[in-house]
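Build the full structure now, drawing on both the sequences and the hints.
There are 2 protein chains.
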Amino acid sequence: MPYYIGDVIKDQTRLIARTPEKFREGGIDVRTRTRVSGIDMARGVVELQENQNIPYDFLVMATGASAFVPDMPGLDLPDVFALRNLEDAILIKTRLKEKNAKHVVIIGGGFIGLEMCEALHAAGIAATIIHKDGLPANRWDAALSAVMLEELLAHGVEFVANATAQSIETGKDAPLRVKTDRGDYEGDLVMLAIGVRPDSQLAKAAGLKIGASGAVAVNFAQQTSIENIYAVGDCCESFHKVSRRWVNLPLGDIANKQGRVAGRNIGGRPLTFDGMVGAQSFRLFNLECAACGLSEKEAVAAGFSPASNITWGSAMAPSMGIKKIGLKLTADSSSGGLLGAQAVGVSGAVDRINTLSVALAAGMNLDQIGWLDLAYAPPFGPAWDIIHNAAQALGRTL
Amino acid sequence: MPYYIGDVIKDQTRLIARTPEKFREGGIDVRTRTRVSGIDMARGVVELQENQNIPYDFLVMATGASAFVPDMPGLDLPDVFALRNLEDAILIKTRLKEKNAKHVVIIGGGFIGLEMCEALHAAGIAATIIHKDGLPANRWDAALSAVMLEELLAHGVEFVANATAQSIETGKDAPLRVKTDRGDYEGDLVMLAIGVRPDSQLAKAAGLKIGASGAVAVNFAQQTSIENIYAVGDCCESFHKVSRRWVNLPLGDIANKQGRVAGRNIGGRPLTFDGMVGAQSFRLFNLECAACGLSEKEAVAAGFSPASNITWGSAMAPSMGIKKIGLKLTADSSSGGLLGAQAVGVSGAVDRINTLSVALAAGMNLDQIGWLDLAYAPPFGPAWDIIHNAAQALGRTL
Numbered sequence: 005m006p007y008y009i010g011d012v013i014k015d016q017t018r019l020i021a022r023t024p025e026k027f028r029e030g031g032i033d034v035r036t037r038t039r040v041s042g043i044d045m046a047r048g049v050v051e052l053q054e055n056q057n058i059p060y061d062f063l064v065m066a067t068g069a070s071a072f073v074p075d076m077p078g079l080d081l082p083d084v085f086a087l088r089n090l091e092d093a094i095l096i097k098t099r100l101k102e103k104n105a106k107h108v109v110i111i112g113g114g115f116i117g118l119e120m121c122e123a124l125h126a127a128g129i130a131a132t133i134i135h136k137d138g139l140p141a142n143r144w145d146a147a148l149s150a151v152m153l154e155e156l157l158a159h160g161v162e163f164v165a166n167a168t169a170q171s172i173e174t175g176k177d178a179p180l181r182v183k184t185d186r187g188d189y190e191g192d193l194v195m196l197a198i199g200v201r202p203d204s205q206l207a208k209a210a211g212l213k214i215g216a217s218g219a220v221a222v223n224f225a226q227q228t229s230i231e232n233i234y235a236v237g238d239c240c241e242s243f244h245k246v247s248r249r250w251v252n253l254p255l256g257d258i259a260n261k262q263g264r265v266a267g268r269n270i271g272g273r274p275l276t277f278d279g280m281v282g283a284q285s286f287r288l289f290n291l292e293c294a295a296c297g298l299s300e301k302e303a304v305a306a307g308f309s310p311a312s313n314i315t316w317g318s319a320m321a322p323s324m325g326i327k328k329i330g331l332k333l334t335a336d337s338s339s340g341g342l343l344g345a346q347a348v349g350v351s352g353a354v355d356r357i358n359t360l361s362v363a364l365a366a367g368m369n370l371d372q373i374g375w376l377d378l379a380y381a382p383p384f385g386p387a388w389d390i391i392h393n394a395a396q397a398l399g400r401t402l
Numbered sequence: 005m006p007y008y009i010g011d012v013i014k015d016q017t018r019l020i021a022r023t024p025e026k027f028r029e030g031g032i033d034v035r036t037r038t039r040v041s042g043i044d045m046a047r048g049v050v051e052l053q054e055n056q057n058i059p060y061d062f063l064v065m066a067t068g069a070s071a072f073v074p075d076m077p078g079l080d081l082p083d084v085f086a087l088r089n090l091e092d093a094i095l096i097k098t099r100l101k102e103k104n105a106k107h108v109v110i111i112g113g114g115f116i117g118l119e120m121c122e123a124l125h126a127a128g129i130a131a132t133i134i135h136k137d138g139l140p141a142n143r144w145d146a147a148l149s150a151v152m153l154e155e156l157l158a159h160g161v162e163f164v165a166n167a168t169a170q171s172i173e174t175g176k177d178a179p180l181r182v183k184t185d186r187g188d189y190e191g192d193l194v195m196l197a198i199g200v201r202p203d204s205q206l207a208k209a210a211g212l213k214i215g216a217s218g219a220v221a222v223n224f225a226q227q228t229s230i231e232n233i234y235a236v237g238d239c240c241e242s243f244h245k246v247s248r249r250w251v252n253l254p255l256g257d258i259a260n261k262q263g264r265v266a267g268r269n270i271g272g273r274p275l276t277f278d279g280m281v282g283a284q285s286f287r288l289f290n291l292e293c294a295a296c297g298l299s300e301k302e303a304v305a306a307g308f309s310p311a312s313n314i315t316w317g318s319a320m321a322p323s324m325g326i327k328k329i330g331l332k333l334t335a336d337s338s339s340g341g342l343l344g345a346q347a348v349g350v351s352g353a354v355d356r357i358n359t360l361s362v363a364l365a366a367g368m369n370l371d372q373i374g375w376l377d378l379a380y381a382p383p384f385g386p387a388w389d390i391i392h393n394a395a396q397a398l399g400r401t402l
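Quick note, the sequences are listed as chains A and B, same order. First residue of the first sequence? That's 5 in the working numbering, and the numbers climb one at a time after it. First residue of the second sequence? That's 5 in the working numbering, and the numbers climb one at a time after it.
No wet-lab data here; the hints were simulated from the structure. Careful: at least some of the hints might be erroneous.
Copies of the same chain look alike in the list, so a pair counts if it fits in one copy or across any two.
Straight line, CA to CA, 30 Å or less: simulated DSBU-like cross-link-like pairs of lysine-lysine [stated by the list, open to error]:
1. Lys-176 <-> Lys-101
2. Lys-26 <-> Lys-328
3. Lys-97 <-> Lys-327
4. Lys-26 <-> Lys-327
5. Lys-136 <-> Lys-213
6. Lys-213 <-> Lys-328
7. Lys-136 <-> Lys-97
8. Lys-176 <-> Lys-106
9. Lys-183 <-> Lys-97
10. Lys-183 <-> Lys-103
So this is what it looks like as structure tokens:
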């Protein structure tokens, strides 16, 4: 996502909204609320809808991603929102206040939906999540997602599992009602957080190469198939160092890196973005949830023979009290090379995933990871960290 | 240290003290309070002081390290303690209770002395630290140690800088008085935490090779210069992957790894411990303090041309509030290879050092580290982590 929607709900709007203004102060021509209808590469101009053209030497596509919105009656009702851009966020926040909202129905239990719950909870607003599967955050293993579900329930979030939203209509006890195949749920607002799709239509229409992921294809310099057109952020692909495939992973830190690389190349100081390992995280109330690398499914698709285990441990030495943490490792059963990791815990989960992200980038195997030198002290972990235990245990099964 | 002395003060004695008993239940002949006077390698026996011999097929030296005790009058006074073993810890705890101690004088402001302060503070006992230098924890850069000093003072610890203890005598207002070249300091107990030395005398007397560090020399299998004698823990050396030298680094996690490797080799299932990168950490009240790799001094000694910078950042995205963290990076100015890192902060310092420890183990350079894929989410850090900013900034200066 190009910004963190939770920030807006948590009253950080002002900072973000000032960005265009600040750019203008710097002499940069920023045009908000301006729609581009096409790109004429032969003439080197961007065509605006009002038949105005802007000429370019270099063009950067940074069109982002759009919220996926399923076909469903009632999407046009007031106070039904998809989570797309800053305007949505400001409007959502305004409406929550105006309506003195008490309850929001969120369709989608992926990590964006979960983050929304947390932001709403912080604002004193209850949430119901309607999710297609039995557990939230499907990217994570069921055993880890079950911990997330516990955390949701402990904070009063209603989680409707294995349910498909069928329509949205006017409610009886609250302004809106979401009808699902598992009952009806009412709230003051409805938010759709089902996933995002790269906004690559403009690029495609202009004739730029689109990758297998549906996002704009780029090289390591962030150049598209046309020499003077670059693409960065959620609309384009990035190289996954573990699968060694070009994929679309719409995450803010990747977008930042790509933006810097494109700028350097356009400015004549070459630089490449050599890819990522899929590191990601989110906070869910008191839980840290993080992952890197490939899921088992992705590993199979990339041609590996994945083997996995889940280890439960403590983020502190037993003598210092217990802070439960669950760590899933996935490795290639032929080489023992690490393919991915997932962690959930009250503390220490992001730390473990960052550590393992570097191990992934370095192409380490379980034997190496099982004996990594980490900064041991009892308040932060046991002498044999959960990373060591997990890697050694998985290594023994290969 | 073979155990965490703070644990004992914090009432974890029972768990640790049960260890010999548990081993005996497992049919293992554990002899506590038994002194070994020598090793007769020709006969394959360990000689006890009472002229009793214990034969061995394999012998493991795990004699640990001893607290360094300076030559000073008054060391034999009651309630003057060095921090060496479990008996010391239990005795210290007993005496703190018996005397209803209110104030302890600690000689030495290294990380063991600092950990003691914290343990005493948790038990409601005030501390004065007498330290030879201007700032605590000399391994860390002065700018980072200054943050530690602030934390000590904020918790009511008295820090006497640039002072040398000259003698200990009976006090006036409290039972003991430490006389220094910067005044006299009184307390109920006095603790010496000046550093440790490997206990390698027995090994040396037996004719085992001693390394340049003064600790027992071993190979990657933890074998000493004699085939059927192994050494593990604080008494022996380990291979530092950054300096590529054998050094003595008395840390609990290293000891654990060496113990497991020696056991595997003696048991006939070969395994090597291929070394460490000097990762270490301690908690100081609300601060995480961590380091890995080489200090600048060590880097020069190893033949590198180190360049360093210190970056101040936040362990969270600015929109989520500020949790200040300081990160020092040291790299080789010719290759750009990372040589070491130090971090201090309310949170996130251990995370960053663990991440950089893996980068050190993988031999990464600043260009690689500046673009590492880390698990970004605003509650845990900004999109450009302090690691990225620090590595890129240092890289630009080389």
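Each hint, compared with the structure:
| no. | hint | verdict |
| --- | --- | --- |
| 1 | Lys-176 <-> Lys-101 | within (21 Å within a copy, 67 Å between copies) |
| 2 | Lys-26 <-> Lys-328 | between (45 Å within a copy, 26 Å between copies) |
| 3 | Lys-97 <-> Lys-327 | between (35 Å within a copy, 27 Å between copies) |
| 4 | Lys-26 <-> Lys-327 | between (44 Å within a copy, 26 Å between copies) |
| 5 | Lys-136 <-> Lys-213 | neither (33 Å within a copy, 66 Å between copies) |
| 6 | Lys-213 <-> Lys-328 | neither (47 Å within a copy, 44 Å between copies) |
| 7 | Lys-136 <-> Lys-97 | within (26 Å within a copy, 57 Å between copies) |
| 8 | Lys-176 <-> Lys-106 | within (15 Å within a copy, 66 Å between copies) |
| 9 | Lys-183 <-> Lys-97 | within (24 Å within a copy, 65 Å between copies) |
| 10 | Lys-183 <-> Lys-103 | within (22 Å within a copy, 71 Å between copies) |
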